[in-house]
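**Student:** In case you want the letters, here they are:
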Amino acid sequence: MSGSVTTPRFKQNAHDALGDARLQRALGHARNFIPRRGAAVERLPEFEALRDSARDIKNHTLAHLDLYLEAYERKVTESGGFVHYARDSAEACKIFLDLAKARGAKSVTKGKSMISEEIGLNQAIEAAGMEAVETDLGEYIIQLRHEAPSHIIAPAIHVTRDDVEADFRKAHLHLPADRDLSQPEQLLAEARGILRNKFLNADIGVTGANFLIAETGTSIIVTNEGNGDLTQILPKVHVVIASLEKLVPTLDDAAQLLRVLARSATGQDMSVYTTFSTGPRRAHDPDGPEEYHVILLDNGRSAMLGTDFEDMLRCIRCGACMNHCPVYHQIGGHAYGWVYPGPMGAVLTPSLIGVAEGGQLPNASTFCGRCEQVCPMRIPLPKMMRHWREREFERALSPATMRYGLKVWAFFATRPWLYRASTDLAMRALTLLGRKKGRFSWLPLASGWTEQRDLAAPQGATFQAQWRAKSGATQ
Amino acid sequence: MSARDEIFAGIRRSLHVTGNEAPRRAAVAARLRGAPRGIVPARGQGGLPTFQSEALRAGATLATVASAADAPDEIARYLRDANLPATLRMGADARLEAMPWGATTLEIARGASDGHDLNAVSAAFAAVAETGTLALVSGPDNPSTLNMLPDNHIVVLFAEDVVGDFETVFDRLRARYGAEMPRTLNFITGPSRSADIEQTLLFGAHGPRRLHIVLAGVEAVGAAQT
Chain A
0 MSGSVTTPRF KQNAHDALGD ARLQRALGHA RNFIPRRGAA VERLPEFEAL
50 RDSARDIKNH TLAHLDLYLE AYERKVTESG GFVHYARDSA EACKIFLDLA
100 KARGAKSVTK GKSMISEEIG LNQAIEAAGM EAVETDLGEY IIQLRHEAPS
150 HIIAPAIHVT RDDVEADFRK AHLHLPADRD LSQPEQLLAE ARGILRNKFL
200 NADIGVTGAN FLIAETGTSI IVTNEGNGDL TQILPKVHVV IASLEKLVPT
250 LDDAAQLLRV LARSATGQDM SVYTTFSTGP RRAHDPDGPE EYHVILLDNG
300 RSAMLGTDFE DMLRCIRCGA CMNHCPVYHQ IGGHAYGWVY PGPMGAVLTP
350 SLIGVAEGGQ LPNASTFCGR CEQVCPMRIP LPKMMRHWRE REFERALSPA
400 TMRYGLKVWA FFATRPWLYR ASTDLAMRAL TLLGRKKGRF SWLPLASGWT
450 EQRDLAAPQG ATFQAQWRAK SGATQ
Chain B
0 MSARDEIFAG IRRSLHVTGN EAPRRAAVAA RLRGAPRGIV PARGQGGLPT
50 FQSEALRAGA TLATVASAAD APDEIARYLR DANLPATLRM GADARLEAMP
100 WGATTLEIAR GASDGHDLNA VSAAFAAVAE TGTLALVSGP DNPSTLNMLP
150 DNHIVVLFAE DVVGDFETVF DRLRARYGAE MPRTLNFITG PSRSADIEQT
200 LLFGAHGPRR LHIVLAGVEA VGAAQT
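So the sequences go chain by chain: A and B.
Using numbering that gives the first Met the number 0, you'd call the opening residue of the first sequence number 0 and step up by one each time.
Using numbering that gives the first Met the number 0, you'd call the opening residue of the second sequence number 0 and step up by one each time.
No lab work stands behind these hints: they were computed from the structure.
The reader is advised that the hints may include incorrect statements.
As the list claims (entries may be wrong) - If you anchor each label on the Cβ, the simulated ranges turn out as follows:
| no. | chain 1 | residue 1 | chain 2 | residue 2 | range |
| --- | --- | --- | --- | --- | --- |
| 1 | B | R24 | A | K382 | 47 to 55 Å |
| 2 | A | W416 | B | G18 | 54 to 62 Å |
| 3 | A | R385 | B | Y176 | 44 to 52 Å |
| 4 | A | A282 | B | G18 | 33 to 41 Å |
| 5 | A | D161 | B | R12 | 51 to 59 Å |
C-beta: ideal position from N, C-alpha, C; glycine also.
Next comes chain A alone, as it looks inside the complex:
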């Protein structure tokens, strides 16, 4: 498993993130995704129908996953590639390291891959004495900072331009100390130059896969920078590392999913490079890898099939849910404590690392429902977060104060007359107390709220009382 997991400390992480002025400034950029996606969707009248189509394709694939895997494996083998199966992170890393050691590899370039983050591949490569170089600009930046990605498609979204300049000056000591790096273009040019050499001298290139195609034994990667392409066509060996649920039946099915992916992610109609790779280079090809390997990772996914969480396996990692999440906007990705942040992370993380470790994440939701509204795969994220909350409660993992509070609430809620009388009394008291300012900057038992913001004072009667009065008046 990747790096250190701080998910159990989620509440503290979120608290720290809220107080981090630098992070709060950087997080403002995450909101830019919203209008971009909106404009792309607006331009495509078929978008909603494509979402249905995409959902149905994945559901069909998952229901026949064993058979599509067999077909996929057959095609990869026929085209001269190799498929390796890994039950968990450790097994996936071992398969990779065995391949790398047998080929005497020293340097490994990497395209952006969340699965590689999930299994902690960089740490494994470095522990084995090899060099792992992230080549996506955002991933390269966070690798220099020894950080995990804070967003699944914009891994360095928490980093400011000044941070990048400082990181580059610290890391690229062979370059003149007085060089000008004040413009983002200069930072990009410097990274391009340094990584170009890494690409040309790498022994193995590792990429993830956005999709795997059973019809042809093809893996697809989608990038804007072109780093994934240089990663796979220059070294002698291309290793794809992907999880089981990336599979789709046909090329045509992949086209359906591609049409919703970039629009949902960055608001582009298509990302710049959508690359289909099938096997190693052919006999007469002048370039491309001589070997092609696919490491297929399970890591808990086969056990999600047929459960309340199967829908999560449709996820295509576009990031739309976190781009539209008010909680993510406030705390950023690192607070979630592991690889996958935002609403999709809140659902997936407990499945992968266990509800005991990840159970707090599904509580970080206002259930506003925006994630489900924008999810191209129509994954019912709020419903699944509710499932996790129930499980956390059933397994007595939620904190004692919360469980006690719920018991007190249940006592009143199951006695409607008492509930009405006591809430009515409480509302009157709060209305009276708050009549001067119209809000509270401090309240007993509510410091968690009032430390960050005021609580609005009630305006008078309870909702139930108002509802009764309203329906009485209209009937």
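Position chain B against the provided structure of chain A, taking the given hints into account.
**Tutor:** Then chain B, alone, in the frame of chain A:
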């Protein structure tokens, strides 16, 4: 039990299947064989004009020439206007070979790139009007390194190869290559870019900084649109 066997067993346990059910096998075989079309956006039916406007929108530049024989002149002009050296690397594509390169002063190199070329030209396998996307296939004709390593990538595209949608490109691939895909199929939509530094859009991240499309076989020879 091997990892493979255990994963297959786990999937089948979760799905409550054995893997031998005839209807499931038939459904999978039918889909793989039939590759049913999904939702295809109407936008692609706009043909050449849609391709041109979408490609420009994606940040490519585009020039039209009446016939392939005019492509070398246009490429020489493009490089000159951009103050780029008159050098060019290309593969062995017969359609490129047939063009009158000798009529220009371009210095031509052949084969895959080792990363030291500023300019390269490829011939596209097809293009998709829907999104202004080029489709290029690997091989000696158009080595994949030419698509990615040079700073300036020029792509000659024949007007008859512009199709409406991705599905039509796939049909053409199946017709040309049969059961086996080429090693690499690159769908390219505009020049390389990154927004990883404070969401500022910058061109030329790792791939080409410029993508210039020479669309051949279009009668109305317009001035280059940049």
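**Student:** A separate judgement is required for each hint: does it hold in the structure or not?
**Tutor:** Structure-based check of each hint:
no.: 1; hint: B:R24 x A:K382: 47 to 55 Å; in the structure: violated, 32 Å
no.: 2; hint: A:W416 x B:G18: 54 to 62 Å; in the structure: holds, 58 Å
no.: 3; hint: A:R385 x B:Y176: 44 to 52 Å; in the structure: holds, 48 Å
no.: 4; hint: A:A282 x B:G18: 33 to 41 Å; in the structure: holds, 35 Å
no.: 5; hint: A:D161 x B:R12: 51 to 59 Å; in the structure: holds, 52 Å
Of the numbered hints stated above, the single one contradicted by the structure is hint 1.
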